[in-house]
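> Spelled out, the chains give:
2 protein chains.
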Amino acid sequence: MSVTDELLENARRYASGFDKADLPLPPGKGVAVVACMDARLNPYGVLGLSEGDAHVIRNAGGVVTADVIRSLAISQRLLGTREIVLIHHTDCGMLTFTDDDFRAQVEADTGVRPEWAAEAFPDLDADVRQSIARITASPFIPDKSAIRGFVYDVKTGELNEVSRTR
Amino acid sequence: MSVTDELLENARRYASGFDKADLPLPPGKGVAVVACMDARLNPYGVLGLSEGDAHVIRNAGGVVTADVIRSLAISQRLLGTREIVLIHHTDCGMLTFTDDDFRAQVEADTGVRPEWAAEAFPDLDADVRQSIARITASPFIPDKSAIRGFVYDVKTGELNEVSRTR
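Protein chains in written order, with this note's numbering: chain A, 1 to 166; chain B, 1 to 166.
The shape of chain A in the complex, shown without the other chains:
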């Protein structure tokens, strides 16, 4: 039995106790969260989110890429979110390599060099600020008035604020 099969057993249990059939499409709290994909960072646990509350956007690093701008543009323009919460975290894998090394290693292994940056970063706080800067610089995000950036500490469970637009 694969791990996915185990997860599907959990999904059957979730469905059997399901009582959230009438949630509307737009997020009830009007918030979009952008967080790292890291396994130790559970945005539902940390922020106390329930089904229906918030959009949750995640990738390697929690960095603001073109795809995050796409998702935030859809979130704000079509589904009415207004506040943005960015979460990086301590001990992030993105601190352990450089883009040059990653792209060269992929080229060495596969013969093809990625056309995209891996988005590794050497400084957590600076990358949170960079992520806010990318949103602020984008013409596609209508509401930039409530963007707040945090670093989650995987050793203590604490969420520490780095920067905010208001």
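These are calculated hints, taken from the structure and not from any lab test. There could be a bad hint or two in this list.
Once the Cα atoms are required to be at most 16 Å apart in a straight line, the calculated EDC-like pairs of lysine to aspartate or glutamate come out as [unchecked claim]:
id : chain 1 : residue 1 : chain 2 : residue 2
1  : A       : K20       : A       : E51
2  : A       : K20       : B       : D91
3  : A       : K20       : B       : E158
Just so it is clear, the structure is predicted and the values come from calculations on it, not from any experiment.
Assemble chain B onto chain A, guided by the hints.
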């Protein structure tokens, strides 16, 4: 008080009861989940995931974009995940518009036409298959042997399988 301030109150409670200080960086279950950002879809609840279990990658639609390939490449190459679970869902916002309309509307409102596709889609099952096809076609994902694609039903809480690579 903003909604974010409310979420920060929850974060303080989470930290005060925190007992997960010793989780390793690589996901314990060796799985990466790619899901839509939709507020009603809670991958932790549905799949029974806990802190430390799995990478969770999310964007508008749960579609496989270049940024998802980046995240999956890092997940597999640097952090050892091997199984991939894709989750789209019923009543998705991406079913309600077209890329042409979205990009034209953004251009009309801001003067700038996005250089990216919005990734809207008219058919859920077909887009799950398309997402699997994009992973299968990528040279940057080392292990494509265990990719499974699902549609989550927001009315019943059920996870229904669409396609799998094994």
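> Could you run down the list of hints and mark each one as holding or not?
Results for each hint:
Using a Cα cut-off of 16 Å, the hinted pair K20 (chain A) and E51 (chain A) holds, with the two alpha carbons roughly 8 Å apart. A threshold of 16 Å between alpha carbons decides the hint, and for K20 (chain A) with D91 (chain B) the separation of about 14 Å falls inside it, so the pair holds. At most 16 Å may separate the alpha-carbon atoms for a hinted pair to count; K20 (chain A) and E158 (chain B) meet this at roughly 12 Å.
In this structure, none of the earlier numbered hints is contradicted; all agree with it.
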